[in-house]
Each structure stands twice: as structure tokens, then as C-alpha cells.
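Could you build the full structure based on these sequences and the hints that come with them?
2 protein chains.
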Amino acid sequence: MPETVSPQIQKQIAAPLTPTWNVIPTTPEGWKEQVNAGYQATMKSLPALREALKVKVEPVTLDGVKAYMVTPDTIPAKNRDRLLVHVHGGCFVSFPGESGTVEAIYMAGFGGFKVLSVDYRMPPDHPYPAGLDDAVTAWKAATKMAKPKNMAIFGSSAGGNLTLAMVLRAKQEKLPLPGAIAPGTPMSDLTGAGDSFQTNGMVDNVLVAYGANCDKRAALYTAGRDLKDPLLSPVYADLSGFPPAILTSGTRDLLLSNTVRVHRKLRQAGVEATLQVFEGQSHAQYYRDAGAPETKEAFEEIARFFDKHLGK
Amino acid sequence: MPETVSPQIQKQIAAPLTPTWNVIPTTPEGWKEQVNAGYQATMKSLPALREALKVKVEPVTLDGVKAYMVTPDTIPAKNRDRLLVHVHGGCFVSFPGESGTVEAIYMAGFGGFKVLSVDYRMPPDHPYPAGLDDAVTAWKAATKMAKPKNMAIFGSSAGGNLTLAMVLRAKQEKLPLPGAIAPGTPMSDLTGAGDSFQTNGMVDNVLVAYGANCDKRAALYTAGRDLKDPLLSPVYADLSGFPPAILTSGTRDLLLSNTVRVHRKLRQAGVEATLQVFEGQSHAQYYRDAGAPETKEAFEEIARFFDKHLGK
Chain E
994 MPETVSPQIQ
1004 KQIAAPLTPT
1014 WNVIPTTPEG
1024 WKEQVNAGYQ
1034 ATMKSLPALR
1044 EALKVKVEPV
1054 TLDGVKAYMV
1064 TPDTIPAKNR
1074 DRLLVHVHGG
1084 CFVSFPGESG
1094 TVEAIYMAGF
1104 GGFKVLSVDY
1114 RMPPDHPYPA
1124 GLDDAVTAWK
1134 AATKMAKPKN
1144 MAIFGSSAGG
1154 NLTLAMVLRA
1164 KQEKLPLPGA
1174 IAPGTPMSDL
1184 TGAGDSFQTN
1194 GMVDNVLVAY
1204 GANCDKRAAL
1214 YTAGRDLKDP
1224 LLSPVYADLS
1234 GFPPAILTSG
1244 TRDLLLSNTV
1254 RVHRKLRQAG
1264 VEATLQVFEG
1274 QSHAQYYRDA
1284 GAPETKEAFE
1294 EIARFFDKHL
1304 GK
Chain A
994 MPETVSPQIQ
1004 KQIAAPLTPT
1014 WNVIPTTPEG
1024 WKEQVNAGYQ
1034 ATMKSLPALR
1044 EALKVKVEPV
1054 TLDGVKAYMV
1064 TPDTIPAKNR
1074 DRLLVHVHGG
1084 CFVSFPGESG
1094 TVEAIYMAGF
1104 GGFKVLSVDY
1114 RMPPDHPYPA
1124 GLDDAVTAWK
1134 AATKMAKPKN
1144 MAIFGSSAGG
1154 NLTLAMVLRA
1164 KQEKLPLPGA
1174 IAPGTPMSDL
1184 TGAGDSFQTN
1194 GMVDNVLVAY
1204 GANCDKRAAL
1214 YTAGRDLKDP
1224 LLSPVYADLS
1234 GFPPAILTSG
1244 TRDLLLSNTV
1254 RVHRKLRQAG
1264 VEATLQVFEG
1274 QSHAQYYRDA
1284 GAPETKEAFE
1294 EIARFFDKHL
1304 GK
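Here the protein sequences come in this chain order: E and A.
All residue numbers for the first sequence refer to the numbering used here, where the first residue is 994 and numbers rise by one.
All residue numbers for the second sequence refer to the numbering used here, where the first residue is 994 and numbers rise by one.
Don't take every hint at face value.
It does not matter which identical chain is used: a pair holds within one copy or between any two.
In silico DSSO-like links for lysine-lysine, alpha-carbon gap of 27 Å or less [unchecked claim]:
#1 K1142 / K1167
#2 K1221 / K1004
#3 K1301 / K1258
#4 K1049 / K1167
#5 K1137 / K1305
Honestly, the hints are just simulated from the structure, not real lab data.
Here it is as C-alpha cells:
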């Protein structure tokens, strides 16, 4: 147990492995049941989280795509004409509906930004490209609500994958690009490549190991397609022309490699890209406890990065 | 064996553990013998390295402190009035004399900078503060050779520790500060704290594990002093007012935690600080193979950072 992190993060490090890390449903109904259990648990936690972070959440629709507008009680003047778009994590299958707003609430609360959190369609009913299509549709609609240069896209895990894939699609379709992005511990390589799948296997207590539950969910999304397709594994994409990016990971993160690989690829492509790695943290533990100083630090760092790169 | 790195880095990952990683001499003579073996091996490799990187190396003396001036054959115009100061690694005991110039040769060659590499005194004959005193004396002398704002201090491992400690001493003694620093995988915490001592133990094939040979060498340097003294473990220092810093590590690095902890502390202190973490690399493997694309990438990234922050 490292003494080099806050008591809140120590508690996360001491936590047992995610109970379902290797419990693999065998039918669509089985998956829906597992996803629903997570949904119910998260929904219960949301009122206290919204109160702690002082935000309100309202359902909206963007050209037919469901989303939530997360609005902080207080918005600094410099952020009044800014808007963030959030794509949630959950290995492409979990956190439907309002249960996907958790990270958006953290960002809105700690950063003082309005955040649109996209409730994109997911497997087992809707494999790729449904979710990405929804995210791109939401992005297009959102660019009519603020200037694209005043906007950022962010999200962690599967949301980090989708953040990168949205920018790729925007490049391909010649849509406006955001002024900055924040892919957190992105599932950037679904092929299983990435050294920390080995070195942090059974060390990360969130995802635990490659090929377990999270990757089985991702397989429902990719549904037999070529996993080296850059829209599925963006680490293989041409990242030139990407907006400034800030990436976040932890030393125990199973996706540490797939975070730093994207960081290096962005830098190789000449993109302004910043990396923050938190001591002792497993996958995406930076938005688990609103009271942990590391949580505030992670989101305030992202907020400063956005403030530096977004128009007003 | 990760496919996500170059063949050259794959070869380093496949290499056996450092043969002496846990071979601990019991007498000063025993240490000197072990150090001398490393010295001889490194000296043999230097002519080819200097030729590959196109630099020349000349011994100099700076107010009584021995050093080497490393000069690239070609110096870009923008670097003519710039000067870097290098403090070598080796766990405070290894790489005396010219064998300490390896990283300086890489930096001079890939970056096109003149580099002064300090041959500071070391244990077993000279424990702390002799080495740091020499480094500070060399810094003072060097600031008469170029404008301090046109200068950077850099070094890896023990050299990363000394880089940070030199800036602390410069702050304390009100000496001019450099325009930027590059502490590579710094031995920033000699107390044994740092989560990656656990998670990357026996994964890192260079240092291998905490408490082994490298830490025994560090103990000859600290010689019974309080290891939480910020001049020995700079992660415990007040880092406010530090110059812009770029830190380098690898996902397998035993000192990954002690690199990212310094990065976070610098950011918390409001310092512009950048982190680069290389896929699959153990401790300081970014200056082992001049032909690895990752080596060029690491030093060119540091060179760009210096170019951005140093005066001309």
C-alpha cells in the first residue's frame, strides 16, 4: 500500500478486484442484466455526486441522439461561450442513459464548464458504428450551439477511444474540429497490443487483465471487424492535424501503454500533447472519489489545458 | 515481448537482468573494482558512440571541478550561445571520469548543443555532499560561460536527482537558475517510497528491484543522513520557482512512480512541466542504443523543449 497517495486513493488501491472482471455473460439478455446492475448502482450515486459538484443535469436531444446537458451552478465568465462534449466509458456497452454522466459531472463541477454528455447507442443491440455515428451526430449538432474552437471533446476508456475516433471522423468528413481534446486512458488499441496489458495484468484492480470482461464487451462493439481499423483502434490512425490533447493515466493502469503510445503518436505527428500519470492509480480511478485531492487535481489540470487552448 | 516498440528496444526488453543487480560488494575496494569494470566497458564503447553522434569530447576544469566539454561537429545558429550542463547517472557511485559522458554525447549529438558533463566526486571516497558541491561549483563556473537563461541542466537517474538538487541549492544560495531542466527518471525519493518499486519490481531489467545494488550505492552517498532531506530526496522539496522541466521514463521503469510524482509536484507548484513515458522501457533505456528510433525521439523531444524555453 503506497504512502505516496491520498487516503482516498489508498482506499481504492486496497479495494478488491472488480467483482465482474471475469464474469462473462453468454447471451444478450445476460449482458443486459449485468449492464443494468451497474446502471442501477450508478444511478443511486448520482444525486449525491451532483450535489457535491454543484451541477444540474437535464436530458436533451441532438438531431435524434439522446444526451444530457450538465450545467454547473456557477460558470466563470470566460467559460460562458464554451461547451464541452463528453463521451462516457464502459467498454462500449455499459453506463447507458443518465448513468453515463458521471465523468461529465466531475468535469463540469471542477472545471466550471457546460458539458453535453452523449448517450450513444451500444451493444448488444447496436454494435459499431452505431455508437460512433451517434457521437458524430451529436458533435455536429453541438457545433451549432457554440463555436467549434470554443469546444472540447473528452472521455475516458471507451470514451477516450470515441474521443479520438470522433476527431478522425470529423477529419474524414471535413467537419469542424474541436479546439482541444482530453482522451483519458483511451482504449486506443483493441488488438491486445500494449506492454502494460502484461506488466499491469492483475495489478490493475479495475480492468484486471486483458481478454476479460471489458474486452468481451469491446468485442460486442467491434463485432468481427478488423481491429486494426483506425476507427476501432485509433493508435493506428494518422493523428496529424489533431487538436491539442491532454491524456491521463495511472502507474497501475492496464491501459498505461495504450495511453502513452497515443501520446507519443500525437507528438510524432507534431500535435501539442500533454501526459499526466497519477501515482498508484488503476484504470480511470481519477473519477471515482470526488473528495480525493488527486481527482480535483486531474480535472483542474484538464480544465487549465482547455482554458489555454479553447477560444472564448 | 511487445510488438509496440522498435526491434532495438525489443532487444533491450529481451535482455537478461543486469548481471550485478544484486551483487553487493562488502568493502570500498570491492565497490571500486565493480565500478572499474563498468568504467572499462563503457570506455570501450565511447569512440564508436562519439563517431555515430558526431561529437568531440575534451577534458576541462571548472574552478577545480573536473568536467568534459562535449561539442557537436555542427551547431545550429540558434544554439551557438547556449550551453547545457550534464550530471551523469550511476546511482551516485558509478561512471567516473569520461565514462560519465554517454548521455551528454546523446544530447549533444541529437540536439546540436554544447554540453558540459560534470565529473563530480563520488563514494566510496566522497559521500554527500561532495558530489552535489562539485555540481554546484561547476554550475557557478558555467554561468560565466553563457547566460544562465540560455542554459539547461539535465541528467538521468542519480543525475536526475542531482539536477533537481542543483536547482534547490541554486535557489538556496541565490545563484542564477537555468532556463530549463530535464531530470530523466530521477532518483527523487531515496526512502523507498514510490508504488512502482512494487509494481515494476522484477519487471524492470536494469535496476530490477528496490534495495538492490543501485540503492546500496545510493546509501554510500547518503551515508546515514536523513533520507527525507530534500537535497537527498528532492520529491520532498518545495519545487516552486523551478524552471520549466521535461521528465522522461518508461512503462517498465522501477522509477516510474518517482518520475511521475516529481511531475505532479512540479505542476502543483505551478511549474511548466512535461512528461514523456516510453512504451516498454525499463530504467533509462532511452540512452542505450543510438540507433533506436525511440532514442532519437526522446532526445529530440528534450531538445525541442529546451529550444522553446531557453534564451538565445
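Evaluated hints:
1. K1142 / K1167: within (15 Å within a copy, 43 Å between copies)
2. K1221 / K1004: between (37 Å within a copy, 25 Å between copies)
3. K1301 / K1258: Classified as both; 22 Å inside a copy, 20 Å across copies.
4. K1049 / K1167: neither (33 Å within a copy, 50 Å between copies)
5. K1137 / K1305: For K1137 and K1305, the Cα distance is within 27 Å only inside one copy (15 Å; across copies 45 Å).
Hint violations for this structure: number 4 only, all remaining hints satisfied.
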